[in-house]
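Mind docking chain P with the ligand on chain S? Use the hints.
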Amino acid sequence: MAQVKAKKSESTSNIDREQLLHMYEQMFKIRAFEEQVNELYQSAKMPGLAHLYIGEEAIAVGMCEALTKEDYITSTHRGHGHCLAKGASIDKMFAELLGKDAGYCHGKGGSMHIADQDTGNLGANAIVGGSSAIATGAAFSSKRLGNGRVAVCFFGEGALGQGLVYESMNMAQLWKLPVIYVCENNLYNEYTHHSESTAGSMKARAEAFGIMAVEVDGQNVREVHETAIKLVERARKGEGPAFMLCNTYRYHGHHVGDIAREYYRPKEEELKWKNDNDPLKNLSSWLTENGLADAGIFEQIESAVSKEVEEAVTFALNAPFPAPEEVTKHVYA
Amino acid sequence: MSMPNTNGREIFFGDAIKEALAEELRRDPTVFMLGEDIAEAGTTFKVLNGLVDEFGKDRILDTPISEPGFTGLAVGAAMTGLRPVVDIMFGDFSGLIMDQVANQAAKIHYMSGGKLKVPMVLRTTMGAGRRSAAQHSQSLHAWYSHIPGLKVVVPATPYDAKGLMKSAIRDDNPVVILEDKMMYKTVKGYVPEEEYVIPIGVADVKREGSDITLIATSSMVYVALDAAKMLEEVGINAEVVDPRTLVPLDKQTLVESVKKTSRAIVIDEGYEQYGVTAELASVIADEAFYYLDAPVKRMGAMNVPIPFSPALEDLTIPNAKGVFEMAKSLCNKL
Ligand SMILES: Cc1ncc(C[n+]2csc(CCOP(=O)(O)OP(=O)(O)O)c2C)c(N)n1
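Protein chains in written order, with my numbering: chain S, 1 to 333; chain P, 1001 to 1334.
Simulated from the structure, these hints should not be mistaken for laboratory data. Misleading hints may appear alongside valid ones.
[Said to hold, decoys possible] Computed spacing ranges between beta-carbons, pair by pair: (1) Lys1115(P) with Ala260(S): 47 to 55 Å; (2) His193(S) with Glu1193(P): 34 to 42 Å; (3) Thr1186(P) with Glu310(S): 33 to 41 Å; (4) Glu325(S) with Glu1010(P): 39 to 47 Å; (5) Glu233(S) with Thr1186(P): 49 to 57 Å; (6) Leu271(S) with Asp1058(P): 57 to 65 Å; (7) Thr1186(P) with Phe315(S): 28 to 36 Å.
[Stated by the list, open to error] Straight-line alpha carbon distances no greater than 30 Å define the calculated DSS-like cross-link-like pairs of lysine-lysine that follow: (8) Lys329(S) with Lys1297(P); (9) Lys1188(P) with Lys45(S); (10) Lys1046(P) with Lys1166(P).
Glycine included, each C-beta is placed from N, C-alpha and C at the ideal position.
Looking at chain S on its own, in the form it has when it is part of the complex (with noise of 0.2 Å):
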């Protein structure tokens, strides 16, 4: 099992404390966001099922706060932090999760769909790595139209099992396009501990290709933000794809659905994330430690974006569905 290790020597970050306070309010949204959802599922508000990224937040917004609005991000079924981490506003996210009409996708896509192209977001993804070429792609549109854009691409460690990502890496390595892998390893696919379905190294799959790949704490999200600075800093400048990997945990169940979960995961593994290597917590403590937050600050952040998530709830509750001829729409362009 992939062990993350606590780094005894933490070096002094170069991030400032705005930023740092700005990247505690994405992943608390993000927080926020899914337990929100997670509630909307178990008091049956909305349709279907949705797969939760909390105990994820410091890859989505470590990575996203390193690029700008007009570089691309590609999502996975487990994407709602991705998508707000990019800019996504909560109450269009809500909306849409409920199938209303005031949703990104106007209710057609629903939580594993979302997509927007303001911010950048090509889409979630339903199908495991189905994002990978797609990614690429708008890397290669990138290199080609020159407009400096890099790709970034996330994924679970699940997606190693499909052909197309490394048809993808080589394609992007071979024509040096400014992609960025990101691969999610939260040690399950779905039900299955990665140990049974992935053999070697992940990382090594990358550098076959040559591609640059890094190993992250997942769970700190200064680590995964200086990484990807220096990440997106080379695809921009030309020096090709990368490959980050990042060692976290989901905290819920594969989906909302996912309750009894001690066949495949012991209790005991979960509070152990929870408890001693949370990337909310992590970086409270590490803020509070330096002497650049206290508690105070938090509970004021904390606070403003729990009432912009109450708001946008009500927002998207009340808001219409669309209407019946929606449908037919969009089929073709």
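Showing chain P with the ligand alone in chain S's frame:
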């Protein structure tokens, strides 16, 4: 939902499938299953729960998320002495495996001049209504039905699912079985304790009638049966015919029924354009033309990607009211 006039043991659709698999795994040591999260998790739909306890992880094999890889592995294993049953969680993932199925499994027997065989079963799901959006809701049985060399089964009842699954496993050809994911734990029906098989390629009349034939597949059988009940109240006696297998197709039962009733609607959950309804309607038009009193009508899924929103998704699938209205108009009882 449950079928009329059953007596005896009633079990769920999903349990009938599991029973068939368990019996065949017990009977033939060369049978094994492979797919994602099929062992301890018992599939994402919890249909195979418990099989791993009896047969172990070597025969109920969890795979990486590598659909083309493990489907192709099954093709090779089938060619060399084993009888794999492949589990593809969502029928939508058919796109990933299609080369291995359509260009490899389906053609190997023919291309080898009859020398090689591919005795494998591919189980996957179909059916919308689960609010799972465009990449997890399609019914793509027409894709498989288009390819010579594959047999295609779309059972509607627990009885049919069990009997046809057992035949599929014993068949020396690649057989694709599409199971409606919404029926696993909602449709219950009669399944005898004693062993039986149902031959592939035989249709079943699910309700006898004289005024109109409703040809329906998979979950649409229940839509047709519900419509038939509604039609009865307005004096129309509908016959419901379930082809059960699309390839080979029991044309005779379909044609005989329409010759008797002179009217037909074909109902299927695949996309309407170029779909199963088109094929079945053409069989009727071709072989029962001179018996028809009305044009053959077809009702499939709307020609749109399945939308997420319940307000939209429900519009895309045929329903009993729609079939009822269509049947009434064909029988001139508006
Ligand atoms: C091609 C494909 N196969 C299977 C699935 C079903 N499925 C959805 S999520 C998932 C596990 C994904 O694991 P991972 O990539 O590690 O992401 P995580 O869920 O852990 O974030 C599976 C098998 C799918 N959506 N697409």
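Going through the hints against the structure:
1. Lys1115(P) with Ala260(S): 47 to 55 Å: Holds, since Lys1115(P) and Ala260(S) (Cβ atoms, about 49 Å apart) stay within the stated range.
2. His193(S) with Glu1193(P): 34 to 42 Å: At roughly 38 Å between Cβ atoms, Glu1193(P) and His193(S) fall inside 34 to 42 Å, so the hint holds.
3. Thr1186(P) with Glu310(S): 33 to 41 Å: The hinted range 33 to 41 Å holds for Thr1186(P) and Glu310(S), with Cβ atoms some 36 Å apart.
4. Glu325(S) with Glu1010(P): 39 to 47 Å: holds, 42 Å
5. Glu233(S) with Thr1186(P): 49 to 57 Å: Given about 54 Å between the Cβ atoms, the range holds.
6. Leu271(S) with Asp1058(P): 57 to 65 Å: Violated, since Leu271(S) and Asp1058(P) (Cβ atoms, about 33 Å apart) do not stay within the stated range.
7. Thr1186(P) with Phe315(S): 28 to 36 Å: holds, 34 Å
8. Lys329(S) with Lys1297(P): holds, 25 Å
9. Lys1188(P) with Lys45(S): Cα-Cα ~28 Å, so holds.
10. Lys1046(P) with Lys1166(P): Between Lys1046(P) and Lys1166(P) the Cα gap is close to 20 Å, so the pair holds against 30 Å.
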